[in-house]
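Those protein sequence lines, which keep their order, are chains R and C.
All the letters of the first sequence, read from the start, carry residue numbers 15 to 155 under this note's numbering.
All the letters of the second sequence, read from the start, carry residue numbers 90 to 589 under this note's numbering.
Source of the hints: derived by calculation from the structure; they are not laboratory data.
Treat each hint with caution, since some may be false.
[To be verified] In the DSBU-like style, the derived pairs of lysine-lysine whose C-alpha atoms are separated by at most 30 Å in a straight line are: (1) R/Lys-74 to C/Lys-314; (2) C/Lys-327 to C/Lys-470; (3) C/Lys-382 to C/Lys-330; (4) C/Lys-470 to C/Lys-555; (5) R/Lys-74 to C/Lys-517; (6) C/Lys-579 to C/Lys-375.
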Amino acid sequence: MSFDSPFHVTVDFSTSHMIFPTIIAVILGILFISILITRGSTILATVSNGNWWPAGIDHKRFFGTIALTVIYFLAMPEVGDIFPNTGLGFYLCSIPYLFALSTLYLHERSRRTLMIAGVNALIAPSVVWYILSELFNISLP
Amino acid sequence: MELLSILTPLFFGLVAAGTVIGIIFGAIPGMTATMAVAVCLPLTYSLGLENGLALLLGLYVGGISGGLVPAILLNIPGTPSSITTTLDGYPMTQNGEGERALKIGITSSLVGGLISLAALYLFAPALADFAIKFSYIEKFLIIFFALTVMAALSNSLLVGIFSGFLGVFISLIGAYDISRGGNGELRLVPEFLEYYLEGGFSLLPVLIGLFGLSTILIDAEDGMKEGKGLSGVKIGGKPFKLSVFKGQIINLIRSSSIGTFVGILPGVGGSAASILAYSQEKNFSKNPEKFGKGAPAGVIASESANNGLTGGALVPLLSLGIPGDSTTAILIGAFTLQGVQVGPLFIGNNPITWDAMIIAMLAANIIMFLVMVLAIRHIAKVVTVPKNILFPIILMMCVVGAYTINYGVMFDVWTLLIFGLFGYLAHKIGLEIAPFIIGFILGPSAEIYFVKSLESFGTLSIFFTKSWIAALLWVLIVLSIAFSVSVARKKKRMADNMDA
Chain R
15 MSFDSPFHVT VDFSTSHMIF PTIIAVILGI LFISILITRG STILATVSNG
65 NWWPAGIDHK RFFGTIALTV IYFLAMPEVG DIFPNTGLGF YLCSIPYLFA
115 LSTLYLHERS RRTLMIAGVN ALIAPSVVWY ILSELFNISL P
Chain C
90 MELLSILTPL FFGLVAAGTV IGIIFGAIPG MTATMAVAVC LPLTYSLGLE
140 NGLALLLGLY VGGISGGLVP AILLNIPGTP SSITTTLDGY PMTQNGEGER
190 ALKIGITSSL VGGLISLAAL YLFAPALADF AIKFSYIEKF LIIFFALTVM
240 AALSNSLLVG IFSGFLGVFI SLIGAYDISR GGNGELRLVP EFLEYYLEGG
290 FSLLPVLIGL FGLSTILIDA EDGMKEGKGL SGVKIGGKPF KLSVFKGQII
340 NLIRSSSIGT FVGILPGVGG SAASILAYSQ EKNFSKNPEK FGKGAPAGVI
390 ASESANNGLT GGALVPLLSL GIPGDSTTAI LIGAFTLQGV QVGPLFIGNN
440 PITWDAMIIA MLAANIIMFL VMVLAIRHIA KVVTVPKNIL FPIILMMCVV
490 GAYTINYGVM FDVWTLLIFG LFGYLAHKIG LEIAPFIIGF ILGPSAEIYF
540 VKSLESFGTL SIFFTKSWIA ALLWVLIVLS IAFSVSVARK KKRMADNMDA
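Isolated chain C (complex conformation):
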């Protein structure tokens, strides 16, 4: 009954509004689901936890889905996760099958979203039940594992690890938190900033700076060029029929499952999911030569995988407190805002919120499908909204988000600028933002788990000998490092061969 009292028209209205706004953000090249969630987070202040999550989850699902529109119509991925959608989606548009490609992508997105939602519903509680037994040592090793996985999937292993550790280092600025067992002493803070940085940099202004302001600075550097318009793009043409999915069920399920699995790996992101699913489908296909020339199977693989990510990325967040990607990292901010801690105890202690989240995700997927199928021709026009109108509004919303997060602290607004510039610089010199963010979020917990383990046991060997889970985690850590070294060597060999 309590759940029913939460499922009000307002709840579903917020899911719908979030989904539509998310689709718009996703459809505009350069804007992402992460940005949508970051910019709209302050709106959830007065909504309460469940209603706030309804809006944010709608934004998440819509933001990931909207990216297929410019990918298919303009050959520009709206979000990084729709990069492989361009490979076959755009050739389909050139062949006069734009609407058909869009509807194939939308339907695949729905299937991917629903399969990953089922995985979330089944796995997250089980993983949380298992994780409740973890001591500080296992928790520390899980964070360590998360960082190695992220680094392993970065463009450069060394830079990925460096970025992750840099995030951890910056997160340690401020006092060693007394409320979590620290001694309350300040570290890494210049004297003139002690007043502002006692609690360290706030998470949300950091995220908004990295994903909002820095994106706009990167575009400003490039001259704010307007993208190509829709003139000359033929959306109509060959009609969409469900029969296109005949023989594609395995592709749909495999790609959705790949997306879900990649989502569960912390910090990996949607582009890896869609690239992996696309290459798998191409490998298994009887007609691999058709890929890249307008094969519907390519659009199906890419879109079902990137929407498969949505449920998957919530699994580690809700069961371990570790975000699966940068968007779910911002969702941590929504929980913090409402005074709720995510981790192994979350689902057990908040069953109503958990059920509400599942219903919101389900509704968001259905609304996304209906809105995009029924209004795809109108949504397609969104890709041509001028940046000179849109970006100033987003910058203003970034300021609102940063200022309101701690009930009106101007230093948080400056934090937004500092990390906006840092994000821009990171982009220029090739630092990896995803490992940085995860390192920043998990750094303080890693410190507590590490130092408290040493205080309790007095030996470093305890990290290897505490339990079989610890031993298993070390095996996984070694495997992920070995995997990344092998991939790096392969890349180097390929580059050497190309040079030769």
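Isolated chain R, as found in the complex:
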């Protein structure tokens, strides 16, 4: 894009894909600097306070959720490749994932609560897998 006069512009089609992203990036830059100017002191105070993330959060449950989810995502296609086009990658990985998450989120682990978590981990993926993959033929990992 070139400016012939203050308002007149000529658009070069071959580079037209960069016009809008460039304008938006410039606006974002200006806005970011404005936010830093108007709120910089508050941000600095929060950071220097030492109470900034991840202090004060439940490390076990927060990072455990992320770690289990990453493992679940990595495992699904691998298991799915062993049983192609069956949705079993999803099914077989969802059972341990649900059980592990349910157990992680439990505050009081007793035989009863673990049993409920286990039954839930078995039933929920089975129902979803059966309805989507078997009844509706929707592809699952």
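Assemble chain C onto chain R, guided by the hints.
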């Protein structure tokens, strides 16, 4: 006759199922109507457009309505839009009027829903007929206006605008779409991701990540604490009588209309609707001192306004293709899934679908009312479902939704994780998700309208001089910015006064 062939028992069964599931989602604190629609979207694949919409609209109406249950019984808003319901609903429960408060809220929700549905039926076709005449320039200005309105109603104007533009920027990742007149060149994509990001990030995994996974991460950070139970909560007590609405008709109509109007404004959301309606009712009330202590008028204002939002938010979606709130943004996904584009031509080209949507909304409101009135004591127990059972199922459903959206692409599942983490981060640093989402959805259209206008006319001044509509839109844009600056100054002055 064609319409009658769509209105099958399955159609109404799906509306009912959606409404009940939506009520359950709405009743569980931390889960929203948006989440319900996002999680259930993949189920609509094999249902067809009308049946799929029946399910989703039921979820939408039910999800908004269910939020009143924990708001009234536990003082926890089930959804952001029921925040003002807690102010008088919970004191009523403490006074032994829990069931009465619930039924007042349910009836108000029904009235709000029906008034907004009437507004949708009357205004959306008229607005669409008007919008058909819009050129790229007016369409671009409407998107610009939508972004300024959203930013104006954010907690911070600057952060709101930043979030909206960030959404636009992320939406531009990928190729400049040839099918819409672009040159097909990639931009903003790292070389190793070119294969995956040629078409940019898919909308649905982004939405599911932002509203599903991030919500769970926020709760996990907090230790997944179980909410307080219903033990000690007295649901029964003073019986509900319709006479409570005597003298409240104006409140009902005004609050429903405020909800509908706020719904029509893009991206504003239900909490703004209920706060506005509640404060208006308090201002006009002869007994403002009773508010906050268990005044039925407060519950009526809040609940009729937040259900008034449901029809209102569909007006810009179906007439302009601009979602009115985050839930209707996800409904765009349902249309995309079925290969239907929403915009000014939608109602004219799809009259059967349009009629089916109105009937589904009507049925959803009636079913919501009946289910909640008849089974309110059972529904109330839903608020105590343990999170350790529920949240893993929701995460699994998020994965299913993300994976199936493009018929089995694992990168979409990773997109879900990326945007789940982004949503969590946004929550931590105070970015506004609603402007981000609307920016993300409207970004590619804004780009096409802007660049094509420049290619055609060769001058920037055309955005001001094209038509009287363009001039009017500029006036509205300036007004919304002026309004937000004035509100921000007022807030600052109040904060300064409090510090002093």
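A quick look at each hint next to the structure:
1. Restraint check for R/Lys-74 and C/Lys-314: the C-alpha separation of about 13 Å stays at or below 30 Å, so the hint holds.
2. The hinted pair formed by C/Lys-327 and C/Lys-470 meets the criterion: a straight-line CA distance of about 20 Å does not exceed 30 Å.
3. With a C-alpha separation of about 20 Å, the suggested pair C/Lys-382 and C/Lys-330 falls inside the 30 Å cut-off, and the hint holds.
4. Distance restraint check for C/Lys-470 and C/Lys-555: the Cα-Cα separation of roughly 58 Å exceeds the 30 Å cut-off, and the hinted pair is therefore not satisfied.
5. The straight-line distance between the Cα atoms of R/Lys-74 and C/Lys-517 is roughly 18 Å, inside the 30 Å bound, and the hint therefore holds.
6. Annotation: proposed proximity of C/Lys-579 to C/Lys-375 holds, straight-line Cα distance about 27 Å (limit 30 Å).
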